[in-house]
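Novice: Sequence:
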Amino acid sequence: GFACDVSPLQGGAIAADLARRDFTVNAMAVGLADGELLDLHGGATDAARGVLRVLGPDAYAADPLRALRLARLATELPLDPDPETERLTRAAAPEVKRASGERVFAELRRIVVAGEVMAGVELCDRLGLTAAVLPEVDALRGIEQSHFHHLDVHAHTTEVLRRYLELDQRLEDLFGDLARPLRSVLAEPLADEMTRGQALRFAALLHDIGKPPTRAVRSDGRVTFIGHDAVGEEMVSAVCRRLRASERLRAFLAAITRHHLVLGFLVHERPLSRRQVFRYLTATTPVEVEVTALSCADRLATRGRNADAAIDAHLDLARDLMRHGLAWRAEGPPRSPIRGDDLARELALEPGPEIGRLLAELAEARFAGEIETREEAVALARRAGGGRSGPEPEGR
Numbered sequence: 573g574f575a576c577d578v579s580p581l582q583g584g585a586i587a588a589d590l591a592r593r594d595f596t597v598n599a600m601a602v603g604l605a606d607g608e609l610l611d612l613h614g615g616a617t618d619a620a621r622g623v624l625r626v627l628g629p630d631a632y633a634a635d636p637l638r639a640l641r642l643a644r645l646a647t648e649l650p651l652d653p654d655p656e657t658e659r660l661t662r663a664a665a666p667e668v669k670r671a672s673g674e675r676v677f678a679e680l681r682r683i684v685v686a687g688e689v690m691a692g693v694e695l696c697d698r699l700g701l702t703a704a705v706l707p708e709v710d711a712l713r714g715i716e717q718s719h720f721h722h723l724d725v726h727a728h729t730t731e732v733l734r735r736y737l738e739l740d741q742r743l744e745d746l747f748g749d750l751a752r753p754l755r756s757v758l759a760e761p762l763a764d765e766m767t768r769g770q771a772l773r774f775a776a777l778l779h780d781i782g783k784p785p786t787r788a789v790r791s792d793g794r795v796t797f798i799g800h801d802a803v804g805e806e807m808v809s810a811v812c813r814r815l816r817a818s819e820r821l822r823a824f825l826a827a828i829t830r831h832h833l834v835l836g837f838l839v840h841e842r843p844l845s846r847r848q849v850f851r852y853l854t855a856t857t858p859v860e861v862e863v864t865a866l867s868c869a870d871r872l873a874t875r876g877r878n879a880d881a882a883i884d885a886h887l888d889l890a891r892d893l894m895r896h897g898l899a900w901r902a903e904g905p906p907r908s909p910i911r912g913d914d915l916a917r918e919l920a921l922e923p924g925p926e927i928g929r930l931l932a933e934l935a936e937a938r939f940a941g942e943i944e945t946r947e948e949a950v951a952l953a954r955r956a957g958g959g960r961s962g963p964e965p966e967g968r
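Numbered per the numbering used here, the sequence shown spans residues 573 to 968.
Because the hints were derived from the structure by calculation, they are not lab data. Check before you lean on any hint, since a few could be wrong.
[Said to hold, decoys possible] Have a look at the derived ranges for each label pair, beta carbon to beta carbon:
| no. | residue 1 | residue 2 | range |
| --- | --- | --- | --- |
| 1 | H840 | E942 | 16 to 26 Å |
| 2 | R592 | A691 | 22 to 32 Å |
| 3 | P707 | E947 | 56 to 66 Å |
| 4 | H722 | S845 | 51 to 61 Å |
| 5 | G622 | A899 | 15 to 25 Å |
| 6 | A633 | D888 | 53 to 63 Å |
| 7 | P785 | G622 | 56 to 66 Å |
| 8 | A855 | I586 | 53 to 63 Å |
| 9 | G584 | E716 | 49 to 59 Å |
| 10 | A591 | R752 | 16 to 26 Å |
| 11 | A588 | A802 | 47 to 57 Å |
| 12 | I883 | R752 | 20 to 30 Å |
| 13 | R752 | G603 | 49 to 59 Å |
Even glycine gets a Cβ: it sits at the ideal position worked out from N, Cα and C.
Given these sequences and hints, build the entire structure.
Specialist: Okay, here's the thing in structure tokens:
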């Protein structure tokens with residue numbers, strides 16, 4: 573089946589209606605009675621030649637969103653805009669921001685989920701559309717990084733997306749037997765007609781937008797971006813609100829941005845203890861699986877000094893954490909062997925933050941294999957400083 577939209581003619585006749593369209597490939601009609609093609613602007617020829625051509629010099633004035641729609645159509649179909657269309661689109665690009673956030677996001681989403689997303693992103697960059705609708709990403713141009721990187725932040729961001737797309741196609745190569753459950757997670761619907769895996773494409777584009785405002789150069793010449801994860805989290809949330817994306821997508825993209833550095837900081841602490849694994853999963857929940865996958869693309873896109881050894885170490889740790897992350901996602905976080913109210917009674921404590929702290933400690937200890945029973949949990953809680961240390965006196 574197919575969807576059929578019915579709307580009145582614009583201009584009173586079909587020829588006038590078609591003349592008001594955006595691109596020649598969208599300015600064709602078929603008669604319901606005779607099935608004859610009405611093509612007054614050469615749309616069929618353009619489609620056959622793989623050309624996307626704006627209908628006229630005034631087409632963009634009718635709707636500022638049309639310039640971004642060009643990039644979406646070029647990405648989805650795929651078609652290449654002719655030189656004059658590129659010129660007109662580049663001139664019209666700054667006006668796209670006049671369109672509502674919802675409409676801009678609808679076009680961006682379709683570019684991001686398209687099979688030729690890299691071509692779409694590169695076209696948006698070339699025509700000035702990225703600067704209009706995602707100025708935070710465009711601002712990454714020319715932001716030089718440390719010697720650990722071989723690209724500026726903008727080129728690195730594009731490379732992270734490219735690496736993620738490649739990784740998504742060869743999960744077995746990196747994750748082996750984990751590829752199947754990982755692929756299932758990435759295929760789950762998330763929000764705004766995107767799967768978790770498709771939303772990670774957006775995350776790849778946005779994860780480093782906190783770098784420009786946090787860039788500093790130390791006295792030894794080393795470039796730093798301290799706090800860009802936290803600043804980026806706030807900026808990503810602002811982008812999502814501007815685009816009127818769903819709260820669910822906003823929370824997902826913000827969490828990925830906030831936690832995309834965590835795995836890299838653990839590489840030099842290998843092998844991780846069970847407690848360290850627990851803390852990683854706790855810190856990155858509810859995106860523990862997805863952020864682990866994106867960190868691999870981020871690391872693969874970072875090829876400065878001694879890159880090969882650093883990449884191997886990162887991917888090795890990512891495989892280990894992915895195994896734990898997938899189990900965590902499937903089974904849920906471990907719980908304390910004793911409930912909070914029972915623990916409060918055992919320790920003669922009032923319900924409150926201290927009980928919460930102790931329950932978290934007990935859950936971590938259980939994950940680490942240090943306790944299993946209720947009695948072991950109470951004993952550990954007492955050693956951890958919770959409540960009385962011995963039996964309750966008689967008569968209390």
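Novice: If a hint holds in the structure, say so; if it does not, say that too.
Specialist: The hints, checked one at a time:
| no. | hint | result |
| --- | --- | --- |
| 1 | H840 - E942: 16 to 26 Å | 25 Å, holds |
| 2 | R592 - A691: 22 to 32 Å | 28 Å, holds |
| 3 | P707 - E947: 56 to 66 Å | 59 Å, holds |
| 4 | H722 - S845: 51 to 61 Å | 33 Å, violated |
| 5 | G622 - A899: 15 to 25 Å | 47 Å, violated |
| 6 | A633 - D888: 53 to 63 Å | 56 Å, holds |
| 7 | P785 - G622: 56 to 66 Å | 41 Å, violated |
| 8 | A855 - I586: 53 to 63 Å | 60 Å, holds |
| 9 | G584 - E716: 49 to 59 Å | 58 Å, holds |
| 10 | A591 - R752: 16 to 26 Å | 53 Å, violated |
| 11 | A588 - A802: 47 to 57 Å | 55 Å, holds |
| 12 | I883 - R752: 20 to 30 Å | 24 Å, holds |
| 13 | R752 - G603: 49 to 59 Å | 50 Å, holds |
The structure shown violates the earlier hints numbered 4, 5, 7 and 10.
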